[in-house]
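Student: According to this note's numbering, the residues represented by the sequence shown are 2 to 249, in order.
The hints are simulated quantities; they were obtained by calculation from the structure and are not laboratory data. Please note: incorrect hints may appear among the correct ones.
What the hints assert, rightly or not - For each label pair, taking beta carbons as the anchor points, the in silico distance ranges come out as: (1) Pro103 / Asp26: 32 to 40 Å; (2) Asp185 / Asp135: 33 to 41 Å; (3) Arg182 / Val247: 31 to 39 Å; (4) Gly229 / Glu11: 29 to 37 Å.
Unchecked claim - Lysine to any residue pairs mimicking SDA-like chemistry, simulated, CA-CA at most 25 Å apart: (5) Lys127 / Thr176; (6) Lys159 / Gly9; (7) Lys127 / His105; (8) Lys159 / Pro235; (9) Lys37 / Glu246.
Model, not experiment: these values are computed from the prediction. Think of the CB as a built atom: it goes at the ideal place given N, C-alpha and C, for glycine as much as any other residue.
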Amino acid sequence: MSGSPTYGRERPILFSAPMVRALLDNSKTQTRRVCKPAQDRRLSFVVEVPDPQERGQVYNGSHFGDEEGEFQFACPYGGRGDRLWVRESFAIEHCVEPYQRPPHSDGRPILHRPTDDIDCLHPLWKQAHYRATDPAPELLYEQAPTGGREKEIGVRWKPSIHMPRWASRILLELTDVRVERLQDISEADAIAEGCATGCMTPTVNDSGSAIYGPGGYALLWESIHGAGSWAANPWVWAVSFRRLEVTQ
């Protein structure tokens, strides 16, 4: 890896519910994201392709180059020391009654909202429920049916892409960034991705010999990126990190 990272920068990153749970129990310390040279080249942090034999190969209409400096791409997730705040599916609960307390006291983020209303004697706050780990809350929503407004009780989970920064409960610090082919992942790396069965699962052919094919991590990858995405073997950013404690 080469280049000088910009320490302390924060960027958002999306994770699915199973991966959020793996982050929370510290079984996930790596993630792989498809490298997109046309987009990534414009950013600031540079990672060098480690294997000289890969130089000159074409990927998505771009090449990694044959000369020094031609095979470098900027990582959109940052470099060592930078941070990623996790976006996950969520719902927001608002303070709606006097002296109502936030529903959770487990250290999760709370947004306190100031008010200029002198008649408002109770604090205003917002707090998130997380779909990956929380039971569905019964929240009060306003809906607008024909003929007027009514109240609706239930939950409307929002997609992770819409999570605001203040509601994020998981903060990751990058410890390493590499560029590699997807199928170059090792068994240890697959387990660090939060996949208990690793990346290769042994099976037995008709002659009784053990053969290896895509296993747990390959199935996980295809569940996210679609059929055939493992066999396509794209270039990926292999990002390692540690989870930081989030304090209020």
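Student: Out of the numbered hints, which ones does the structure contradict?
Tutor: 1, 5, 6, 8 and 9
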